[in-house]
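On the provided structure of chain A, position chain B as indicated by the hints.
So the sequence lines, in the order shown, correspond to chains A and B. By the UniProt record's numbering, the letter at position 38 of the first sequence is numbered 38, and the numbering carries on one by one without gaps. By the UniProt record's numbering, the letter at position 99 of the second sequence is numbered 99, and the numbering carries on one by one without gaps.
Simulated from the structure, these hints should not be mistaken for lab results. Worth double-checking, as some hints may not be accurate.
Which copy is meant is left open, so a pair is good if it fits within one copy or across any two.
To be verified - Computed cross-link-like contacts, DSS-like style, restricted to lysine-lysine with a CA-CA straight-line distance of at most 27 Å:
#	residue 1	residue 2
1	Lys242	Lys32
2	Lys106	Lys253
3	Lys168	Lys29
4	Lys66	Lys168
5	Lys313	Lys66
6	Lys269	Lys34
7	Lys32	Lys136
8	Lys136	Lys269
9	Lys49	Lys201
10	Lys328	Lys105
11	Lys66	Lys49
12	Lys136	Lys61
13	Lys168	Lys34
Computed from a prediction, not measured in an experiment: that's the story for all the values here.
Number of protein chains: 2
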Amino acid sequence: MKKFNPLKYAALYEEERKKIDKLLASSLKKRKPKTLYEPASYILQSSGKRLRPLLVLLSAKAAGGKFKDVYNAAVAVEIMHNFTLVHDDIMDNADLRRGNQTLHKKYDLNTAILAGDSLLSIAYEYLLKDCNGNTKAAVSAFTQGLIEVCEGQSMDTDFETRDNVQLKEYILMITKKTAAMAKMCCELGAILVDGKKSDIKSLSDYGLNLGIAFQIQDDLLDIIGEIDKFGKTVGGDLIAGKKTFLFIKAFEKAEGQDKIDLQKMMDNKGIRPEEVQHYKNIFEKLGVLEDAKNEIRKYTNRALSSIDMISRKSETGIFHWLADSLIKRNR
Amino acid sequence: MKKFNPLKYAALYEEERKKIDKLLASSLKKRKPKTLYEPASYILQSSGKRLRPLLVLLSAKAAGGKFKDVYNAAVAVEIMHNFTLVHDDIMDNADLRRGNQTLHKKYDLNTAILAGDSLLSIAYEYLLKDCNGNTKAAVSAFTQGLIEVCEGQSMDTDFETRDNVQLKEYILMITKKTAAMAKMCCELGAILVDGKKSDIKSLSDYGLNLGIAFQIQDDLLDIIGEIDKFGKTVGGDLIAGKKTFLFIKAFEKAEGQDKIDLQKMMDNKGIRPEEVQHYKNIFEKLGVLEDAKNEIRKYTNRALSSIDMISRKSETGIFHWLADSLIKRNR
Numbered sequence: 001m002k003k004f005n006p007l008k009y010a011a012l013y014e015e016e017r018k019k020i021d022k023l024l025a026s027s028l029k030k031r032k033p034k035t036l037y038e039p040a041s042y043i044l045q046s047s048g049k050r051l052r053p054l055l056v057l058l059s060a061k062a063a064g065g066k067f068k069d070v071y072n073a074a075v076a077v078e079i080m081h082n083f084t085l086v087h088d089d090i091m092d093n094a095d096l097r098r099g100n101q102t103l104h105k106k107y108d109l110n111t112a113i114l115a116g117d118s119l120l121s122i123a124y125e126y127l128l129k130d131c132n133g134n135t136k137a138a139v140s141a142f143t144q145g146l147i148e149v150c151e152g153q154s155m156d157t158d159f160e161t162r163d164n165v166q167l168k169e170y171i172l173m174i175t176k177k178t179a180a181m182a183k184m185c186c187e188l189g190a191i192l193v194d195g196k197k198s199d200i201k202s203l204s205d206y207g208l209n210l211g212i213a214f215q216i217q218d219d220l221l222d223i224i225g226e227i228d229k230f231g232k233t234v235g236g237d238l239i240a241g242k243k244t245f246l247f248i249k250a251f252e253k254a255e256g257q258d259k260i261d262l263q264k265m266m267d268n269k270g271i272r273p274e275e276v277q278h279y280k281n282i283f284e285k286l287g288v289l290e291d292a293k294n295e296i297r298k299y300t301n302r303a304l305s306s307i308d309m310i311s312r313k314s315e316t317g318i319f320h321w322l323a324d325s326l327i328k329r330n331r
Numbered sequence: 001m002k003k004f005n006p007l008k009y010a011a012l013y014e015e016e017r018k019k020i021d022k023l024l025a026s027s028l029k030k031r032k033p034k035t036l037y038e039p040a041s042y043i044l045q046s047s048g049k050r051l052r053p054l055l056v057l058l059s060a061k062a063a064g065g066k067f068k069d070v071y072n073a074a075v076a077v078e079i080m081h082n083f084t085l086v087h088d089d090i091m092d093n094a095d096l097r098r099g100n101q102t103l104h105k106k107y108d109l110n111t112a113i114l115a116g117d118s119l120l121s122i123a124y125e126y127l128l129k130d131c132n133g134n135t136k137a138a139v140s141a142f143t144q145g146l147i148e149v150c151e152g153q154s155m156d157t158d159f160e161t162r163d164n165v166q167l168k169e170y171i172l173m174i175t176k177k178t179a180a181m182a183k184m185c186c187e188l189g190a191i192l193v194d195g196k197k198s199d200i201k202s203l204s205d206y207g208l209n210l211g212i213a214f215q216i217q218d219d220l221l222d223i224i225g226e227i228d229k230f231g232k233t234v235g236g237d238l239i240a241g242k243k244t245f246l247f248i249k250a251f252e253k254a255e256g257q258d259k260i261d262l263q264k265m266m267d268n269k270g271i272r273p274e275e276v277q278h279y280k281n282i283f284e285k286l287g288v289l290e291d292a293k294n295e296i297r298k299y300t301n302r303a304l305s306s307i308d309m310i311s312r313k314s315e316t317g318i319f320h321w322l323a324d325s326l327i328k329r330n331r
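Okay, chain A solo, but in the shape it has when bound (with noise of 0.2 Å):
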């Protein structure tokens, strides 16, 4: 892996987080009617990774443009992440997001589905802001990211009911529920400074395999992570019957009695707390924590591989050190 400085990238990212944050916090000031407008904020008001916005304004630099030519549109995508939170903890009947109610608990449904129409609406609206020129490509990158969230959204609900989705449709499904995203802001931001095709490519190809690997370490992490700040339950997504590549892995591997075991947790549409640890002895019995070390660490490697293709070689350092801070995450 390339030498870098961990520290400067570390602290160059926590000052472009706080200027988004900032950014996102005034984008819907003074705007009418407060009903609406109101609880749209609350979600943007929370903190977040900001993991989106950083994408677009490192790739637009390493496309040979500046911060400054993207950070609205670095604002549309996160603007548009938060939609897809909005509905999604709809959906997933979710009480609580990083530790704050989430919208629809806060407020109601009427008001959750609203603010979260408005706010992709918002988003579009910040992405025209940074578009000169490219416009066409620039929001057609922005919509298919949106149209690929979807089809991901849907397929992970139709994984709810059904007892057999095979490793290849999960890959499918968070390629389209979390790397099409992370694509999208990496192309997003080459495209909208007139980045050369070549360059637009690579970083689309890094941004696509980095979220790839980045949804499977977050599988990972709820067997194996710490619990965060906010108390998140190890096993959460057991608990919550959810079909994580841990457990399509481990249903292809087992036999005998730690295949009726997961196949009562299909049945069952999860299991109880106290039966985490007993499946946790499962997936390592079967080797799965390391098989998912190994897929993330083979996207890792892609997301890489590509970002080394980029014509301004001094920017890679950066990409580098994002993919090795999302593989130490602990939470």
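Below, chain B without anything else, positioned relative to chain A:
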């Protein structure tokens, strides 16, 4: 009012309506996953006036282009309109739409939320197909229409729990919820064929004023309209406790027992079906049916004055016909 051949125009409308129906029916074909696109196509298949696409087509022609330049954009506005219907039906807890089960009743809440989101994403995809050159202005108009629809829906919801809605606020609400979309359709058609600025403005003003007239007409038809083949109840708005033009105007004018009765409708969030005639009598006594007709005439005349300003005078006939038929419609 201008002379025109209504039969010719009606035939043209019918022909284009069928084309739009066909394009809509094929718009989601071959897309996967089916769990997403089957529900989404369900709403597109139900019949509708397809007024919005017609406005796109007519405006493109009036601004110097051809229908064939904007069929995708015409499909886009209808898909966006259907997105609003799906989410509005959830918010209104409506069981039926155009005589068919609403999407969330036929499927479920989550499917309907996501199908709506997905329709919006596809709407942008369709719009982009017709964007060549004026992409930024076109996407911006489209997005602005979307923003306003969300704002209008929020105001409408807000009115449900307020006793002091003023006529001015009501007009702003329908301007956003209904008229902004009609305005956008006219604007969009003209922008996409690179129409003159002054023509874009005239067409846009036509759409806006027609939209306002259309919505007040809708309120009026609830009281004086024929029962349609789906058995839509006369006085449905009163039964549902809606603050329509008629109601707000009546409340403004009423005194004594009438005022008490109107207040009662608000307190009880509606009336019983057998009370409709009593409230209709109040409306008649206070002259608010006439007020509504005058208001419809005012906005229609504004629409017609606007359309008469376009440079291609030979194109104005069908816009007159359209306004005329909307005012004469009885359901």
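Exercise for the section: Go through the copies and call it for Lys66 and Lys168: within, between, both or neither, with a Cα cutoff of 27 Å. Expected result: neither (38 Å within a copy, 46 Å between copies)
Problem - Intra- versus inter-subunit Cα pairing at 27 Å for Lys313 with Lys66 - result: Within one copy, since 16 Å is at most 27 Å while 49 Å is not.
Practice task
Pop the pair Lys136 and Lys269 into one bin, within, between, both or neither, using alpha-carbon distances up to 27 Å.
Solution key: neither (44 Å within a copy, 47 Å between copies)
Exercise for the section: With 27 Å as the alpha-carbon cut-off, assign the pair Lys328 and Lys105 to within, between, both or neither. Expected result: neither (33 Å within a copy, 45 Å between copies)
Handout entry: Intra- versus inter-subunit Cα pairing at 27 Å for Lys32 with Lys136
Key = So Lys32 and Lys136 pass the 27 Å test across copies only (24 Å; inside, 29 Å).
Exercise for the section: Since the copies are identical, ignore which copy is meant and state whether Lys168 and Lys29 lie within 27 Å (CA to CA) inside a copy, between copies, both or neither. Expected result: Classified as between; 23 Å across copies, 44 Å inside a copy.
Practice task
Indicate which option fits the pair Lys49, Lys201 if close means a Cα-Cα distance not exceeding 27 Å: within, between, both or neither.
Solution key: within (25 Å within a copy, 43 Å between copies)
Handout entry: Alpha-carbon proximity context of Lys269 and Lys34, limit 27 Å
Key = between (40 Å within a copy, 23 Å between copies)
Handout entry: 27 Å Cα threshold - placement of Lys253 relative to Lys106
Key = neither (43 Å within a copy, 38 Å between copies)
Exercise for the section: Classify it for me, Lys66 with Lys49: is the Cα-Cα distance of at most 27 Å met within a copy, between copies, both or neither? Expected result: Answer is within; shortest intra-copy Cα gap is 21 Å, inter-copy 48 Å.
Exercise for the section: Could you figure out if Lys242 and Lys32 sit no more than 27 Å apart (CA to CA) within one copy, between two copies, both or neither? Expected result: between (39 Å within a copy, 22 Å between copies)
Practice task
Measure nothing new, just compare the shortest in-copy and cross-copy C-alpha distances for Lys168 and Lys34 to 27 Å and report within, between, both or neither.
Solution key: Answer is between: at 17 Å across copies they meet the 27 Å cutoff, but 45 Å inside does not.
The structure is inconsistent with the numbered hints 2, 4, 8, 10, although it conforms to all the rest.
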